[in-house]
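Protein chains: 2
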Amino acid sequence: MPNPTAAMLVIGDEILSGRTRDANIHYLAGELTERGIDLKEVRIISDNAGAIVAAVNALRAGFDQVFTSGGIGPTHDDITADSVAQAFGVPIDVRDDALEILFAYHARLGSELNEARMRMARIPEGATLIDNPVSAAPGFSLGNVHVMAGVPAIFQAMVQDIVPRLAGGAPLVSRTLRIERPEGEIAGPLGVLAEAKPELSIGSYPFHQAGRQGSNVVIRGADAGAVDTAITELRSILGGETV
Amino acid sequence: MPNPTAAMLVIGDEILSGRTRDANIHYLAGELTERGIDLKEVRIISDNAGAIVAAVNALRAGFDQVFTSGGIGPTHDDITADSVAQAFGVPIDVRDDALEILFAYHARLGSELNEARMRMARIPEGATLIDNPVSAAPGFSLGNVHVMAGVPAIFQAMVQDIVPRLAGGAPLVSRTLRIERPEGEIAGPLGVLAEAKPELSIGSYPFHQAGRQGSNVVIRGADAGAVDTAITELRSILGGETV
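Just so you know, the sequences run in chain order W and X. Start counting at 1 in the first sequence, then tack on 2, and there's your number in the working numbering. Start counting at 1 in the second sequence, then tack on 2, and there's your number in the working numbering.
With the rest of the complex left out, here is chain W:
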């Protein structure tokens, strides 16, 4: 059975403008890979309701799981929850259980649960909450779409809450052979190996270091023995060392 597939939707003008460097894609990619869920596509879009609705609907139809980051805070530009509700065609309103979580958090801190903060208890009908141990305001899952915060510490905590609950697959075994020769010199034998072993995924990634050109060849597959055999074969032809 093939592994489950996933897509990620990053909602953030601040990333598209170059103001902020995204930190969540790399984190989610690593977590999903470990659990055998294949991240197939990431989209970064702006804080625009039409763009969010279109992307959510395209991705939830195309992939088993969809993860969003960003746009669920208390300010006027936080429109993700309403846009996801719109994408699913369901109503959204302040929900009691989410409100209680915020109420308890602000009671403990002695801060005010004002109207802006109450917006963070707006949850689309039919959604289940995702725990936020950092700052209380929950994310949510609606169908196969998991809506999380953009602040990296909160995003990571939410991923730890939701990803272990999802069906995983067989994590691919991955080995890397570092070869101190440019890609142009190894491409021939590498292509022959890739053609002979269609069950393996063989990628080549050039590096430039201290004026030298080299290649990291990454071989991935479900069967560790087959991956190791391919690495050994390649090394006998091209040299290099596993890293």
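These aren't lab readings, by the way, just hints derived from the structure by calculation. No experiment lies behind these values; they were computed from the predicted model shown. There could be a bad hint or two in this list.
What the hints assert, rightly or not - Straight-line distance between alpha carbons at most 25 Å, and here's what the computed DMTMM-like set of lysine to aspartate or glutamate pairs gives:
1) W:K199 with W:D225
2) W:K199 with X:D84
3) W:K199 with W:E243
4) X:K199 with X:D225
5) W:K199 with X:E117
6) X:K199 with W:E117
7) W:K199 with W:D230
8) W:K199 with W:E235
9) X:K199 with X:E243
10) X:K199 with X:E36
11) X:K199 with W:D84
12) X:K199 with X:D230
To be verified - For each label pair, taking beta carbons as the anchor points, the in silico distance ranges come out as:
13) X:P173 with W:R183: 38 to 46 Å
14) W:L111 with X:R167: 50 to 58 Å
15) X:T244 with W:S113: 23 to 31 Å
Each residue gets a CB set at the ideal place from its N, CA and C atoms; glycine is no exception.
Could you slot chain X onto chain W? The hints should help.
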């Protein structure tokens, strides 16, 4: 006249698997913003011809300019040039001017221009070349699609070749007010300001630092005076300092 729009397509299994952290999105975002070209969407997809063709065709129809990174090297997994040709429905073959560039480069280095390296001279019909001062093998522009390497040093050099040749717009003026209060406390007045000034883009980005919560409010607009006025107004209500 609204600014030209752009999208970026990152082609790379290694980013989706979490092996590599992308460095090109942030760089291109900053360069485009400086030139008044609005980056509206980024997609990261895998090294798969069907996925590349579909994404190229969706993005080139939706945005004024499209920039791709990755997949133009000499190895079997470098399929971007062929996929872009397929997306446009044009033939692709080794082209003399591109081959001459590679020939001169390898003659100078004393390395062999072998069959794998000659693949990097495959250019779709009707494309113009993008200069690669790092390692010679060119990128290309076909219609509004600009195809560049994934290695950051080469990507950046190619961006410096192509972006200045494109029509730019009015770079937005951007000012940031750093307020040492959590978003939930400033959201009310901020929302009122945003509604009163629809000509400005007003975003709020929370930060958590040394146990304190605060907000960076970013105000952007074409008119520097209007942005400054809004910052002054906001500061008189909420405090904070420009950063």
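Hints not upheld, ascending by number: Per hint list: zero violations.
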